[in-house]
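If you read the sequences in order, they're chains G and P.
If you count the first sequence from 1, position 131 lands on 131 in my numbering, and the numbers rise without skipping.
In short: position in the second sequence from 1, add 1000, done, that's my numbering.
Keep in mind the hints are simulated off the structure, nothing from the lab.
Warning: the hint list may mix true and false statements.
What the hints assert, rightly or not - Below 27 Å or equal to it, Euclidean Cα-Cα: the simulated DSSO-like pairs (lysine-lysine) are:
1. P/LYS1112 with G/LYS102
2. P/LYS1112 with P/LYS1217
3. G/LYS102 with P/LYS1217
What the hints assert, rightly or not - Which chain P residues face chain G? A few, computed with CB under 7 Å, are given here:
4. CYS1056
5. PRO1097
6. ILE1099
7. VAL1103
8. GLY1163
9. GLU1167
10. ARG1227
Claimed, not checked - Label-pair restraints from in silico Cβ distances:
11. G/VAL132 with P/ILE1060: 41 to 49 Å
12. G/ASP66 with P/GLU1115: 26 to 34 Å
13. G/VAL132 with P/GLU1187: 29 to 37 Å
For every residue, glycine included, the Cβ atom is placed at its ideal position computed from N, Cα and C.
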Amino acid sequence: MSEPAQQTQRPYRPEISRLWWLRRRSYVFFVLRELSSIFVAWSVVFLLLLVRALAQGEAQFRAFLDWAAGPWVVALDVLTLAFLVLHAVTWFNLTPAATVVKLRGRRVPPRAIAGGAYAAWVAVTALVVVLVVTR
Amino acid sequence: MADTITLEVARYRPDRETEPTVEAFEVPLRRDWAVLDGLNHVKDNLDGSLSYRWSCRMGICGSCGMTVNGEPRLTCATFLVDYAPGPVRVEPLANFPVIRDLVVDIGDFMRKLPEVSPWIVRGEGTSVEEGEYLQTPEQLADYSQFSMCINCMLCYSACPVYGLDPEFVGPAAIALAQRYNLDSRDEGADVRMDLLIHPEGIWGCTFVGECTRACPKGVDPAGAIQRYKLTAALQSLKSFVLPRGPR
């Protein structure tokens, strides 16, 4: 007697294309947000370089400012600013998902939590502007 | 409205093909027909060999999840008229190995789910004579949203992190862990935290948010994972500041 036919067990595993993240707007934003961490790191390095130049005296600080005014550095910093804004906005939009605040037994609406984060952002930015303008 | 609509159905018969192909079927276009009704029409009248899973037809059993025109959907709750004049492409859920036609292997999830102890964990249970574990409506509201999960796998199909790294515990399992963490009767949060506080657990999630958009029951797995991350971060901070303190 012949053996019963064996069911072929050969699951198909689809390959993921390298450009999978272009398929959907949310995937593109996700990849850009991940990429933004590099620019966040660069902004920290830039600030540290600035502080170091400041500590080394006026001549060094002027040299740093000249270097920072170069077209490549300005272009990089503009790009960095764009990514920092993306990073900040997506982070603030995330806060209501991560934070559940209850007041008198009722959950504070997500919009209020995100709104609070944005308000704090505007307040700190305004403070920095005032410090820079009125120094 | 046309009388028929074309279903472009992914076929994979491992005994015949090395990779999926697409087969087109004309099915009646009726206002009350879901994609699943179209598939049942194919199976009953056109090609009895078409394989797919389904059961309840009312969005509860979670077995008829498929990719409809590129989106993970419950086919019993996705209506053909919304895709008229068609065609409607029906493929298996993404991110899972395909066993046959529209049937995927969800064994990976079935292995991961019990690891997060998705049940009420009690240190020392009370006896039956002591009565039930009581709960107020407010305490119920804390977790009821996360208890709506029907394990349909649409969130895994929508999650690019799971697609790229199948070791990731994934949205539904973490949301279910959180469902029990937030249950006032449960005492298993520490056990689950030890299991999920690693790069393949909660920290694997990069908050793409597609799981929440795909969920047909409004569970919001992405929100559950972000809340879990905040709890984990606070707990780590606490154990750093107070290394000898209680957990």
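Hint consistency between G/LYS102 and P/LYS1217 [alpha-carbon to alpha-carbon, up to 27 Å] = holds, 24 Å
Does P/GLU1167 pass the interface check with chain G, least Cβ-Cβ distance below 7 Å?
-> The hint is violated - P/GLU1167 has no Cβ within 7 Å of chain G, the shortest such distance being about 15 Å.
27 Å limit on alpha-carbon distance, applied to hinted pair P/LYS1112 and G/LYS102 = violated, 32 Å
Holds or violated: P/VAL1103 as interface residue toward chain G, Cβ cutoff 7 Å?
-> violated, 10 Å
With chain G as the partner, please determine if P/ILE1099 meets the hint condition of a C-beta pair closer than 7 Å.
-> holds, 5 Å
Let me know if the C-beta of P/CYS1056 comes in closer than 7 Å to any C-beta of chain G, holds or violated.
-> For P/CYS1056, the interface hint is violated, since the closest Cβ of chain G sits about 26 Å away, which is over 7 Å.
Regarding the hint that P/ARG1227 lies at the interface with chain G, is the smallest CB-CB distance below 7 Å?
-> holds, 6 Å
In this structure, is the beta-carbon distance linking G/VAL132 and P/ILE1060 contained in 41 to 49 Å?
-> violated, 59 Å
Is P/LYS1112 within 27 Å of P/LYS1217, Cα to Cα?
-> OK: P/LYS1112 and P/LYS1217 at ~21 Å, within 27 Å.
Falls inside 26 to 34 Å, the C-beta gap from G/ASP66 to P/GLU1115?
-> Between G/ASP66 and P/GLU1115, where Cβ atoms are some 58 Å apart, the hint is violated.
With a cut-off of 7 Å, does the beta carbon of P/PRO1097 approach a beta carbon of chain G closely enough for the hint to hold?
-> Holds: closest Cβ of chain G sits about 4 Å from P/PRO1097, inside 7 Å.
Using the Cβ atoms, figure out if G/VAL132 sits within 29 to 37 Å of P/GLU1187.
-> violated, 53 Å
Violation of the numbered hints given earlier is confined to hints 1, 4, 7, 9, 11, 12 and 13; the remaining hints are satisfied by the structure.
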